[in-house]
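If you read the protein sequences in the order shown, they are chains A and B.
For the first sequence, counting from 1, position 33 maps to 33 in my numbering; every step adds exactly one.
For the second sequence, counting from 1, position 34 maps to 34 in my numbering; every step adds exactly one.
Worth flagging that the hints you see were computed from the coordinates, not collected in a lab.
All of these numbers come straight from a predicted model, not from anything done at the bench.
A few of these clues could be false.
As the list claims (entries may be wrong) - Listed next, the in silico DSS-like pairs over lysine-lysine satisfying Cα-Cα at most 30 Å (straight line):
| id | chain 1 | residue 1 | chain 2 | residue 2 |
| --- | --- | --- | --- | --- |
| 1 | A | Lys8 | A | Lys87 |
| 2 | A | Lys76 | A | Lys48 |
| 3 | A | Lys76 | A | Lys87 |
| 4 | B | Lys8 | A | Lys48 |
| 5 | A | Lys76 | A | Lys8 |
| 6 | B | Lys76 | B | Lys48 |
| 7 | A | Lys47 | B | Lys87 |
| 8 | B | Lys47 | A | Lys47 |
| 9 | B | Lys76 | B | Lys47 |
| 10 | B | Lys87 | B | Lys76 |
| 11 | B | Lys8 | B | Lys76 |
| 12 | B | Lys8 | B | Lys87 |
| 13 | B | Lys87 | A | Lys48 |
| 14 | A | Lys48 | A | Lys8 |
| 15 | B | Lys87 | A | Lys87 |
Protein chains: 2
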Amino acid sequence: VNLLAFFKNAQDAENYNSGDIIIDENNPGDVMYVVLEGEADIMVREKKIDTVGPGDIVGEMALIDGITRSATVVAKTACRLAPVNEKRFLFMVQETPFFSLHVMRVLVDRLRRMDSSI
Amino acid sequence: VNLLAFFKNAQDAENYNSGDIIIDENNPGDVMYVVLEGEADIMVREKKIDTVGPGDIVGEMALIDGITRSATVVAKTACRLAPVNEKRFLFMVQETPFFSLHVMRVLVDRLRRMDSSI
């Protein structure tokens with residue numbers, strides 16, 4: 001099972017136009033997103049640190065530790081994203097181990113890329 | 001439930017002396033550890049990036065993504081650690097959601113500290 005297949009028919013998917021702010025780092029983090037279509041840029045203090053596309057997740061950090069957002073996410077192209085709020089996130093962690101492992105892999109991948117820049 | 005309470009009576013816990021290498025970044029990553037007693041330093045290319053203590057985990061990155069170790073872990077004091085191999089790790093992800101959330105929080109915490117140094 002992959003994340004894109006799992007979420008692609010989400011009834012509450014949201015559409016954004018190129019340039020729209022999907023996540024504002026100054027807002028509380030009560031939702032993460034699974035990217036279904038298009039691309040989005042992850043910005044930390046106006047520096048682009050990553051670009052995500054279909055099957056990727058964004059906004060999971062604040063959902064996991066309940067602290068403020070660490071980054072702003074801006075639509076690079078028109079995009080469509082499935083929101084995952086805290087309740088659904090906890091449900092998925094409990095019921096779908098592949099989801100937990102995927103989230104862990106995303107975080108580890110980011111850490112490795114940051115480690116390599118030490 | 002916390003991780004220390006869960007593992008403190010592990011029958012296969014390992015003891016290390018101050019200065020012992022617990023994880024060598026050149027070796028394959030087929031096990032992570034939960035620190036039960038003592039402290040250990042996490043080193044990336046001879047630079048100390050973190051010190052962990054009781055209840056913390058080390059070595060989870062290579063276990064999660066199956067790539068080589070990202071860091072060397074050296075016993076700062078005498079310490080005692082519970083090993084978690086891949087089979088047990090996957091079992092815990094499946095059966096104990098609090099474990100998955102704990103691992104995610106550890107990873108997010110590290111990312112935030114690295115983000116702040118960008």
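Structure-based check of all given hints:
Distance hint between Lys8/A and Lys87/A is fulfilled; the C-alpha atoms sit about 19 Å from each other, no more than 30 Å. Simply put, Lys76/A and Lys48/A have alpha-carbon atoms about 11 Å apart, close enough for the 30 Å limit, and the pair holds. Between Lys76/A and Lys87/A the alpha-carbon distance is near 28 Å, which keeps this suggested pair within the 30 Å criterion. A C-alpha spacing of about 43 Å is found between Lys8/B and Lys48/A, which places the hinted pair above 30 Å, so the restraint is violated.
At most 30 Å may separate the alpha-carbon atoms for a hinted pair to count; Lys76/A and Lys8/A meet this at roughly 20 Å. Straight-line distance between C-alpha atoms of Lys76/B and Lys48/B comes to about 11 Å, which keeps the hinted pair within the 30 Å bound. In summary, the hint linking Lys47/A to Lys87/B is not supported, as the alpha carbons are separated by about 39 Å, beyond the 30 Å threshold. A distance of roughly 25 Å separates the Cα atoms of Lys47/B and Lys47/A; the hinted pair therefore holds under the 30 Å criterion.
In summary, the hint linking Lys76/B to Lys47/B is supported, as the alpha carbons are separated by about 14 Å, within the 30 Å threshold. Restraint check: the Cα-Cα separation between Lys87/B and Lys76/B comes to about 28 Å, which is no more than 30 Å; the hinted pair holds. Restraint check: the Cα-Cα separation between Lys8/B and Lys76/B comes to about 20 Å, which is no more than 30 Å; the hinted pair holds. Restraint check for Lys8/B and Lys87/B: the C-alpha separation of about 19 Å stays at or below 30 Å, so the hint holds.
A hinted pair counts as satisfied when its Cα atoms are at most 30 Å apart, and Lys87/B with Lys48/A does not qualify at roughly 37 Å. As the CA atoms of Lys48/A and Lys8/A are separated by approximately 27 Å, the hinted pair is consistent with the 30 Å bound. A threshold of 30 Å between alpha carbons decides the hint, and for Lys87/B with Lys87/A the separation of about 28 Å falls inside it, so the pair holds.
In this structure, the hints that do not hold are numbers 4, 7 and 13, in rising order.
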